[in-house]
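Quick note on numbering: UniProt numbering labels position 12 of the sequence shown as 12, and the sequence is numbered without any gaps.
Don't read these hints as lab results, they were simulated from the structure.
Everything numeric in this text was worked out from a predicted model, so none of it was measured.
Misleading hints may appear alongside valid ones.
DSSO-like cross-link-like pairs, simulated, lysine-lysine; straight-line CA separation at most 30 Å [what the hints assert, rightly or not]:
#1 Lys9 to Lys38
#2 Lys84 to Lys26
#3 Lys104 to Lys67
#4 Lys65 to Lys84
#5 Lys55 to Lys26
#6 Lys38 to Lys55
#7 Lys139 to Lys180
#8 Lys26 to Lys42
Label pairs and their calculated CB-CB ranges [claimed, not checked]:
#9 Ile5 to Lys38: 27 to 35 Å
#10 Gly80 to Lys104: 54 to 62 Å
#11 Lys163 to Glu117: 54 to 62 Å
All C-beta atoms, glycine included, are put in the ideal place defined by N, C-alpha and C.
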Amino acid sequence: MSSNISVYKICGFCGFEFLAKKTTTKYCSLKCASKDYKRRLKNRKIESSNLQTIKIKNQPLIDLKDKEFLNVRQLALLLGFSVKTVYRLINTKRINAYNFSERKTLIRRCDINALFEKPQIGFEIVLRPTEQRKQAEIKDCYTITEIQRKFNISSGALYNLIKRNNISKFSEGKFTYVAKKDIEGYFK
């Protein structure tokens, strides 16, 4: 039994409108159907490869969760710290470590777990206070461009100088201002 249906549809691959003979037709031609099939296969392979990569990347962490003794590098990986931070914690006696030789330092897993179970006495979080500097009047300031011209300095060197010496700057409109007394005090 045949039907004389003519339905306008949008191709699932190229996006052009076409006249279909069936309501289930998705593509305007065999060429578009083949290209979409190849695209779906390619996306499946890429997704599979990405999942495999994630699995391989997470494998060391999975292996570390079951170990009773960890070395410094493994502990840094497990906690998400740098190796230097772990050594700093060992040197300040916040983490108990056992040094068996010059190159072999081990940390017990139960010591690490104990760190997170009880609050540390004498271990306080220090918040650095932010300085509230009073902004100078615009008439008492130079713009960045004026400083570059007057003192013959590049923009990169100027920004490094401002950052290193903790010189305050502020923006108003499209200009960045620095107090004259601060910048002149540095160049004198």
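Check your understanding: If you draw a straight line from the CA of Lys26 to the CA of Lys42, is it 30 Å or shorter?
Key -> This hinted pair holds, its Cα atoms lying about 19 Å apart.
**Study point:** Status of the given 27 to 35 Å range, CB of Lys38 versus CB of Ile5
**Key:** 29 Å, holds
Review point. Within a Cα-Cα threshold of 30 Å, do Lys9 and Lys38 meet the stated pairing?
Key: 22 Å, holds
Check your understanding: Within a Cα-Cα threshold of 30 Å, do Lys84 and Lys26 meet the stated pairing?
Key -> 59 Å, violated
Check your understanding: Straight-line Cα separation of Lys65 and Lys84 no greater than 30 Å?
Key -> Answer holds: Lys65 to Lys84 is near 21 Å, not above 30 Å.
Point to revise | Satisfaction of hint between Lys26 and Lys55, Cα-Cα up to 30 Å | key: Given that 30 Å is the threshold and the Cα spacing comes to 36 Å, the pair is violated.
Practice item. Assess, step by step, whether the Cα of Lys139 is no farther than 30 Å from the Cα of Lys180, and give holds or violated. Key: OK: Lys139 and Lys180 at ~9 Å, within 30 Å.
Practice item. Take a quick look at whether Lys104 and Lys67 sit within 30 Å of each other, Cα to Cα. Key: 16 Å, holds
Practice item. Hint says 54 to 62 Å; check whether the CB-CB distance for Lys163 and Glu117 agrees. Key: The hinted range 54 to 62 Å is violated for Lys163 and Glu117, with Cβ atoms some 41 Å apart.
**Study point:** Gly80 versus Lys104 beta-carbon gap, inside 54 to 62 Å or not
**Key:** Violated, since Gly80 and Lys104 (Cβ atoms, about 23 Å apart) do not stay within the stated range.
Review point. Between Lys38 and Lys55, does the CA-CA distance stay at or below 30 Å?
Key: 26 Å, holds
Hint violations for this structure: numbers 2, 5, 10, 11, all remaining hints satisfied.
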